[in-house]
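Student: Single-letter residue listing:
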Amino acid sequence: MTAPELPRRPPAVGVRGLTLLLLLVAGALSYEGLGLTAAGLWPNEGGLAVAREFFGRALTPAWTSEARFVPPGTPPLLLDALGAAGRTVLYAAAAMSLALVIGVVLGFLASSSWWTLGERRGIGRTVTGALWFVARAVIAAMRSIHELLWAVLLLAAMGLSDLAALVAIALPYGGTLAKIFSELIDEAPRDAGEALRGAGAPALSVFTFALVPRAAPDMIAYTFYRFECALRSSAVLGFFGFPTLGLELRQSFRSTNYGEVWTYLYVLIALVIVFDWWSGRLRRRLVTT
Amino acid sequence: MTGASFGLEGVSVRFDAFPALSDVDLRIDAGEAVALVGPSGSGKTTLLRLLNGTVRPSAGAVRVDGERLDEVSRRRLRDIRSRLGFVPQDLALVPNLRVVQNVLSGRLGRWSFLGAARALLAPPRALVREVHALLDRVGVAEKLYQRTDRLSGGQRQRVAVARALFQEPSGLLADEPVSSVDPARARDTVRLLTELSSERRITLVMSLHNLELARAAFPRLVGLRRGRVVFDAPSDDVPAGAFEALYDLTTEELLGDGA
Amino acid sequence: MSGAGRDLEIDRLRRARPRDRFVRRSLFAFGALLVGAWLVGGFDLGDAFSEQRLRNVDRFLGEIRPYPLQGEAWDHGVFLEWARGLWVEKGALAVGRTLGIAVLAIVLAALLALPFSLAAARTVATPEPYVPSGRPPTRWNRWAWRGLVGVTRTGLVFLRALPEYVWAYLALAILGPTAWPAVLALALHNTGILGRLYAETVENVPTGVPAALRGLGAGRTQVAAAALGPALLPRLLLFFFYRWETCVREATVLGMLGVVSLGYHIADARVRGRHDEFVFLVLLGAAIVLAGDLVSTWARGLVRRAS
Chain F
1 MTAPELPRRP PAVGVRGLTL LLLLVAGALS YEGLGLTAAG LWPNEGGLAV AREFFGRALT
61 PAWTSEARFV PPGTPPLLLD ALGAAGRTVL YAAAAMSLAL VIGVVLGFLA SSSWWTLGER
121 RGIGRTVTGA LWFVARAVIA AMRSIHELLW AVLLLAAMGL SDLAALVAIA LPYGGTLAKI
181 FSELIDEAPR DAGEALRGAG APALSVFTFA LVPRAAPDMI AYTFYRFECA LRSSAVLGFF
241 GFPTLGLELR QSFRSTNYGE VWTYLYVLIA LVIVFDWWSG RLRRRLVTT
Chain W
1 MTGASFGLEG VSVRFDAFPA LSDVDLRIDA GEAVALVGPS GSGKTTLLRL LNGTVRPSAG
61 AVRVDGERLD EVSRRRLRDI RSRLGFVPQD LALVPNLRVV QNVLSGRLGR WSFLGAARAL
121 LAPPRALVRE VHALLDRVGV AEKLYQRTDR LSGGQRQRVA VARALFQEPS GLLADEPVSS
181 VDPARARDTV RLLTELSSER RITLVMSLHN LELARAAFPR LVGLRRGRVV FDAPSDDVPA
241 GAFEALYDLT TEELLGDGA
Chain C
1 MSGAGRDLEI DRLRRARPRD RFVRRSLFAF GALLVGAWLV GGFDLGDAFS EQRLRNVDRF
61 LGEIRPYPLQ GEAWDHGVFL EWARGLWVEK GALAVGRTLG IAVLAIVLAA LLALPFSLAA
121 ARTVATPEPY VPSGRPPTRW NRWAWRGLVG VTRTGLVFLR ALPEYVWAYL ALAILGPTAW
181 PAVLALALHN TGILGRLYAE TVENVPTGVP AALRGLGAGR TQVAAAALGP ALLPRLLLFF
241 FYRWETCVRE ATVLGMLGVV SLGYHIADAR VRGRHDEFVF LVLLGAAIVL AGDLVSTWAR
301 GLVRRAS
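Chains as they are written, first to last, in the numbering used here: chain F, 1 to 289; chain W, 1 to 259; chain C, 1 to 307.
Excised from the complex, chain F in its bound form (with noise of 0.2 angstroms):
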């Protein structure tokens, strides 16, 4: 005789909860084997007087120039610190309009749709295909580096030059948006461009015309998204030499004037909030359901 069969108990602890513990896991276990020790996180004594020095000043940041020596005719702080924001804006803007370009054409090569859409056969499948996989490649090759390696790779072989900082940040964001992009175009619903099949058009137009405009809002909206990062990005390039906040940031602070390291952080913080803004109010704007 053979009991009937019950409905299977489910675990106690789903796959869910499992991965839940493991990383608690992992976290102590990077701990441990990292060595450090909660004491580590208490300045020593050098340390803490810089701490007590530098956050004493964090609600009275600098409104003129905390060097020794300051030349006669020196602009006020706050203007050499917009100066050098609308430059982190600028190397920014110009990165991201040659990502941008790369994003795009390499997103289109790179989604799958682009050739699934067709009925090739043969060389042509082939062709495409091919193009595809070297598209995908590319990408995974330009992201997985990131910016700030670029940059020394690039100040490394050709020395300080505009140019190094805008492809250093050019490329992995470019290959991000690509990824993206791809990943957007082909999550749209395709039953448009299907139908456009069905009624003669060719591949490209369905793809240009019938998806393309539908993944938009949502890689205008990843683009200002990226813009914000680039802005981040083009202001840590200024630790390596090029002219954005961050040089201007690590200088004040070697000089240990953090009166002005504050009005430079602050300046950055609220360039970054304003771009925040801007891309989330845009964002909301676009992508509406």
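In short, the hints are calculated from the structure, not lab data. One should not assume that every hint holds.
Unchecked claim - Now the stretches of chain C that chain F is said to cover, found in silico as 3 or more residues with beta-carbon under 8 angstroms: (1) 52-64; (2) 85-92; (3) 122-135; (4) 169-183.
This one's a predicted model, so the numbers in the text were calculated from it and none came from an experiment. In this text, a Cβ means the ideal position worked out from N, Cα and C, and glycines have one as well.
Position chains W and C against the provided structure of chain F, taking the given hints into account.
Tutor: Okay, now just chains W and C, sitting in the frame of chain F:
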């Protein structure tokens, strides 16, 4: 302009192991208006998609204006398709484009890529006039420059019809275009399509769930059940019992293979 | 309708078409910014192709050939020996540390982000979450909650506005060269990002279940644990892995400041002018970023599929 004619000769379609259509013979002459009726899964959509070559038959031949679709070149197939308007069940409009652009996209099959880019981004006045006239005919001229997703279900249907008409089709295939609107709206749209068919000599083939509507609006009905043609007759000759037979699934069938 | 009449009608409809001014202006301004940057920026690009620069590039390309093979014929054995040596000497430990920093940082960020996200969610941080309860709240009470939301949100914005690199730079000067500055920098920046994402997710939880529990007399923490938690867990995990991916990228780089991750060895090789090691380590960094991407994609798939 004369309407398209269609012919199915011993056509069967199998999707993997599932027989969607079995051994169907059907002739539809130029300028006819035919309704396909039958329950879900009876093969109506497959039959319609055979007619514009978006489904390939597993056996048999499909002819459009006498040409066998499996023998024409890819280029020629596109030409044939560009003369066959298709209004799918889900309408398949691009929601975030304006109505005018959705209608214009009906002619993508006849434009080169650059021509299409120009027509959609900066349409010449002559084209806009044509679109407006069509929208006027289907009753939504006011919506010319509205975003498509701001329209009601009935209005969107009309836009989909206008897009198909903008192809200047000789045949119009409609796959349950009225399944998602209220009965009054459905009647209006079906009437509109049959009127257009007779006034422009466009061959019309439409699949419908609503039998009363089909009988009232179409001169010829084709009944499908489990992939076979059960009846094919002038509407007045179809006995009332035939309709019930289409939908009456025996218990055995329901429990059996779930078709 | 006559031709002229139709034209008038079309013009009327066109003028009356709905337009989103904000979106149009934003796009225009953004486009202008991208183009304008090239006109105003005064970037000296021609300089990048000057003879001296090209000579630099040429020399650099020569120097990235593995050191023992420079000026020698290519030999696979020697190459493998060189690569293995680098991996054993520096690579392995640095990769382990980089991953450790990324994992610890994102776990800390997720833990920190949870309470912040509840305090920043307008559906929870209010005097009467989900359903009215008893006596209507006083105006003062209302303002206190609103203040909490405002302060939390501002704090989160500050945390995420500063790049990880800047956080690490400041922390390093104060805490000295342990792994803490890198961990803290990543944790703080990501707390800002995860806090915002989590808060949005909390606000988007359908109100049915939490409202029903509140109706039964459950308190705030009980609602959070019993109703919000289960509804949120999948999304929280998705965001977690998505951010972990970027943590791996950033952890690699933060070492350049002098912290013990891969970036430290990269910067070191660069300073010593050993461009062969330098490029090898950069490629190693790329490899762990790719591996991190794969792991994260796999884990997110797992979380999404688990029901």
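Student: Identify every previously stated hint that the structure contradicts and give their numbers, smallest first.
Tutor: 2, 3
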